[in-house]
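First to last, the protein sequences are chains A and B.
Per our numbering, the first sequence starts with residue 1214, numbered consecutively.
Per our numbering, the second sequence starts with residue 305, numbered consecutively.
No wet-lab data here; the hints were simulated from the structure.
Every residue gets a Cβ at the ideal spot worked out from N, C-alpha and C, and that includes glycine.
There may be inaccurate statements among the hints.
Said to hold, decoys possible - Example chain B residues on the side facing chain A (calculated, C-beta under 7 Å, incomplete):
| no. | residue |
| --- | --- |
| 1 | Gln-307 |
| 2 | Lys-309 |
| 3 | Leu-325 |
| 4 | Met-344 |
As the list claims (entries may be wrong) - In silico lysine-lysine, DSSO-like type, Cα no more than 27 Å apart, as pairs:
| no. | chain 1 | residue 1 | chain 2 | residue 2 |
| --- | --- | --- | --- | --- |
| 5 | A | Lys-1320 | B | Lys-330 |
| 6 | A | Lys-1373 | A | Lys-1517 |
| 7 | A | Lys-1461 | B | Lys-316 |
| 8 | A | Lys-1358 | B | Lys-316 |
| 9 | A | Lys-1555 | A | Lys-1358 |
| 10 | A | Lys-1267 | B | Lys-330 |
| 11 | A | Lys-1320 | B | Lys-322 |
| 12 | A | Lys-1750 | A | Lys-1740 |
| 13 | A | Lys-1670 | A | Lys-1527 |
| 14 | B | Lys-330 | A | Lys-1298 |
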Amino acid sequence: MSRYNMHILVCGGTGCHSSQSDAIVWNLRDELEAKGLTDQVQVILTGCFGFCEKGPIVKVMPDNTFYVQVKPEDAQTIVEEHIIKGRKVTRLLYRDPETKDTVGDSKHMGFFKKQLRIVLRNCGFINPENIDEYIAREGYMALGKVISEMTPQQVIQEIKDSGQRGRGGAGFPTGLKWEIASKNKSDEKYVVCNADEGDPGAFMDRSVLEGDPHSVLEAMAICGYAIGAAHGLIYIRAEYPLAVHRLKVAIAQAREYGLLGKKIFGSDFSFDVDLRYGAGAFVCGEETALIHSMEGLRGEPTIKPPFPAESGFKGKPSNVNNVETLAAIPIIILKGANWYNKIGTEKSKGTKVFALAGKINNVGLIEVPMGTTLREIIFEIGGGIRDGKKFKAVQTGGPSGGCLTEKHLDTPIDFDNLVAAGSMMGSGGMIVMDEDNCMVSVAKFFLEFTVEESCGKCAPCRIGNKRLHELLNQITDGKGTMDDLNRLRNMSLVIKDSALCGLGQTSPNPVLSTLDNFMDEYVAHVKDKKCPAGKCKNLMEYYIIPENCVGCTACARVCPVNAISGQRKEVHQINPDVCIKCGACKEKCKFDAIIIR
Amino acid sequence: MSQIKSLADLKKKREEIKTGLDLRVKAIDPENHVQVKVAMATCGIASGAKPIMEFFVEQLDRRNIPGIVTQTGCMGYCFAEPTVEIKLPGKDPVVFGYVDLKRADLIIEKYIKEGELIDGIIPVNYETIDSKE
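Please put together the full structure from these sequences, using the hints given.
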């Protein structure tokens, strides 16, 4: 029997996958084969490690060596140096952005030190396309335990005691949701997994499905047992082809083992899972819209009640949970509610996965206990702001959330604190902004998204958001008035109160929170007709400093619209009425004579 | 492939396949396991470090000692190759020189199992920046 003494884990998440991690695996295998090491070293394609900033990632076990930005041609070096000679390949090691020292062991990386991985426990650790590796990590033990040793009521009680709240955004208690669904009598019930991840910059659900698909299948079966459902449906967006593929593989393997299908674990409980594909509409993350989309209808929300727990898919009681919520269920069952409810804060238990994006050093996926502060996440795990710039704000909760500023950095993050601070948890996207970001433009960006994604059913969302967007456009064009700022706020509040579903009710949040926290920037746009961050094109003026200009004509030659005039060896001028603010002249000038004012 | 029909089936299945993942699981907390590092630079390999490493991998497993066997580069004791560094949980690492199969067996029996030192230890005469942390 071959006895591996080394495992090489190669990240196979979407990010690393698109940077040729497949080729790394093939090259490593070829190289090992050539050196006669195939029976000693095993190469495994895993799910996401979370450190997407520096992908593709290759991790060598058992010495925990963490190689970053590996290219397929590096496979030879890794095998020859690390595997054969035992020397770590220094040039591929991660470098601490502050000290510039290489870090040989992932245990010493700031990025991983502060994390507590429950949902992501198997991501980047097992091969997601091999059910045996999941079983070796106690996979399907929780399902076995509930079917063999617990009543459905006990399962629901356990989840209620754990204090888990739904990770999809609103934070509704999971146990309570299950209880309501279980009490509704019906011949058929459905367990629905909401994998319609739509927030810009959020990719935790995709990573869980790509890295540990069985954990979601197991949790759905547990939920099915608890509420009395025999059918599971995963609503996943078709833009996630890798996640879809891994789910299909996982479902086939689970069926083969009899862990999905009829009479699971020899009991009378039967459960099976099918996939439903979404076309990527943001509103379909809302559960009623999601259900309509699954039924083949338009993805539009309807008024609740009736809640899906009473009348969901095909009018039958349905329980909709988010991917991240489900992925924690097996561990809660195995380790117990009392283990889980000791993690986190008083009202938000457990851990939360955040997708770090924007102007931050360590872009990637992290999991921390609830109650971790923004400062810890951004500066310790995230490695601080890129290029040594100053932190300005962090947008949480995607287009439904708000911007938090420096004064919120030490707030422990949980569902309630974020709402109190004027933002929300959402699905856990975190977009970090530095001093170069114009907050009015940020609000405009998110609003543009909701305007585009609005399903158009209710007037506040369809018309109101459009009008908000127009007002913001006027402001960034330098045509706004102080009255417009009041109008922005009033209209936002009306939309919040009157929109039909969660999309509309939360879409003005980015406007409101930037108005609250960055009023001075709005005022600068309106009164001084200036954009403090220098981002709004129509408020910028390119100007030539006469003292610095030597009349070299370089700028005039590069200008695409002939806005620059002047004789050779004489001071040039820019005609602001013609200038399109492309910045080409500024880039070309060798004498620093062109500035933005 | 046989179907899993009961919790006992699943547990049995898990026992069968668990070892495949052991190496990764142990690497989560290497400090709690016996760590064996075999010097596998050119000089080490030339003096026969490879069979020594295989011996440790095989025998730790056979004797049910939860350990992690890895290779390292040249430790600088080229005169005493093959050299092996053993780190028991909570103790300082100890380097053994002139390790052949017989000595390797002795190292497992005496040092790893009993914590008893045997001849041929190379005194640690350096500090690394890691140890200054």
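Here is how each hint holds up against the structure:
1. Gln-307: Holds: closest Cβ of chain A sits about 4 Å from Gln-307 of chain B, inside 7 Å.
2. Lys-309: It holds, given that the least Cβ distance between Lys-309 of chain B and chain A is near 5 Å, below 7 Å.
3. Leu-325: With a closest approach of 4 Å, the Leu-325 of chain B hint holds.
4. Met-344: Hint on Met-344 of chain B: holds, closest Cβ of chain A at ~4 Å, below 7 Å.
5. A:Lys-1320 - B:Lys-330: Holds: Lys-1320 of chain A and Lys-330 of chain B sit about 13 Å apart, inside 27 Å.
6. A:Lys-1373 - A:Lys-1517: Cα-Cα ~23 Å, so holds.
7. A:Lys-1461 - B:Lys-316: holds (26 Å)
8. A:Lys-1358 - B:Lys-316: The hint holds at about 14 Å.
9. A:Lys-1555 - A:Lys-1358: holds (22 Å)
10. A:Lys-1267 - B:Lys-330: With a Cα-Cα distance of about 25 Å, the restraint between Lys-1267 of chain A and Lys-330 of chain B holds, given a limit of 27 Å.
11. A:Lys-1320 - B:Lys-322: Between Lys-1320 of chain A and Lys-322 of chain B the Cα gap is close to 23 Å, so the pair holds against 27 Å.
12. A:Lys-1750 - A:Lys-1740: holds (16 Å)
13. A:Lys-1670 - A:Lys-1527: With Cα atoms ~21 Å apart, Lys-1670 of chain A and Lys-1527 of chain A stay inside 27 Å; holds.
14. B:Lys-330 - A:Lys-1298: holds (22 Å)
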